[in-house]
Structure formats: structure tokens, C-alpha cells
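A.B. asks: Sequence:
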Amino acid sequence: MSLSENRAQDFPLLTGVASDAAGDLPVLTDIAAEPSPSPVSPPAAANPSSELQRAIETYLETVLTEKLKAHLAIAQQWAVDAAVAELKSELPALIRAAQEHADTNR
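Numbering (this note's numbering), first residue to last: 1 to 106.
Do not take every clue at face value.
Cβ pair distances, simulated, as ranges [unchecked claim]:
| no. | residue 1 | residue 2 | range |
| --- | --- | --- | --- |
| 1 | Thr58 | Ser38 | 32 to 40 angstroms |
| 2 | Val80 | Ile56 | 44 to 52 angstroms |
| 3 | Leu52 | Ala83 | 45 to 53 angstroms |
| 4 | Thr104 | Leu72 | 39 to 47 angstroms |
| 5 | Pro48 | Lys88 | 55 to 63 angstroms |
| 6 | Ile74 | His101 | 32 to 40 angstroms |
| 7 | Ala83 | Asp103 | 27 to 35 angstroms |
| 8 | Ile56 | Ser89 | 27 to 35 angstroms |
| 9 | Asp81 | His101 | 24 to 32 angstroms |
Since the hints were derived computationally from the structure, they do not count as laboratory data.
Keep in mind it's a predicted model, so treat the numbers as computed, not measured.
By construction, the Cβ of each residue, glycine as well, lies at the ideal position given by its N, Cα and C atoms.
Given these sequences and hints, build the entire structure.
C.D. replies: So, in C-alpha cells, the structure goes:
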């Protein structure tokens, strides 16, 4: 016996004919219905655009804070200079008024 004859003996002999049961089998399109599309996106933490946005926001916040500090320092200096100039212009009149008040109370 050859190898092919041995294999042929291993398989059962089909003597009967199956009935036509095509109506009982499900139609492939009924089983594999197309799923509805759903958007797929990575989690928010893994989204590179949100990381980029956070980095940009942090950078802008830092730059704006530094610029505002510089402008605030300039504005404070202007306010101090204006207050000192006003005091210098009013100081002689205030001194005279204080001296007159002191003279009248003696």
C-alpha cells in the first residue's frame, strides 16, 4: 500500500447524500451587517495636539506675565514720580500753611 492509499483508508466513506438544507443556513449579509461608523480618537492625555496646546498656553502665559511685570514696574515708577513731583510742587505751600498755623496758636 502506498501513502495515498493509507490516507484514503483513514477517511470515512460517504455513502449517504445530505438533504438540501440551503434554506436553513443564514445568509452571510444577515450575520455580517455593517457596523455603524464611530469616531475613534486617542485618549485626551495621549493626544499630541492637546499636549501642544498646553505647551503653547504655558509659553504664552509666561511671556505675557514677564511683559506685564515690566509694564507694571514702569507704571509704578511713573506713579511714584508723579506723586513726588506733586508733593514737591505743593510742599512750599504746605510748609507756609503749617508755619502760619503754628504762629496763630501761640
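A.B. asks: Please go over all the hints and tell whether each is borne out by the structure.
C.D. replies: Evaluated hints:
no. : hint                               : result
1   : Thr58 - Ser38: 32 to 40 angstroms  : 33 angstroms, holds
2   : Val80 - Ile56: 44 to 52 angstroms  : 36 angstroms, violated
3   : Leu52 - Ala83: 45 to 53 angstroms  : 46 angstroms, holds
4   : Thr104 - Leu72: 39 to 47 angstroms : 45 angstroms, holds
5   : Pro48 - Lys88: 55 to 63 angstroms  : 60 angstroms, holds
6   : Ile74 - His101: 32 to 40 angstroms : 39 angstroms, holds
7   : Ala83 - Asp103: 27 to 35 angstroms : 29 angstroms, holds
8   : Ile56 - Ser89: 27 to 35 angstroms  : 49 angstroms, violated
9   : Asp81 - His101: 24 to 32 angstroms : 30 angstroms, holds
Checked against the numbered hints listed earlier, the structure breaks hints 2, 8; every other hint is satisfied.
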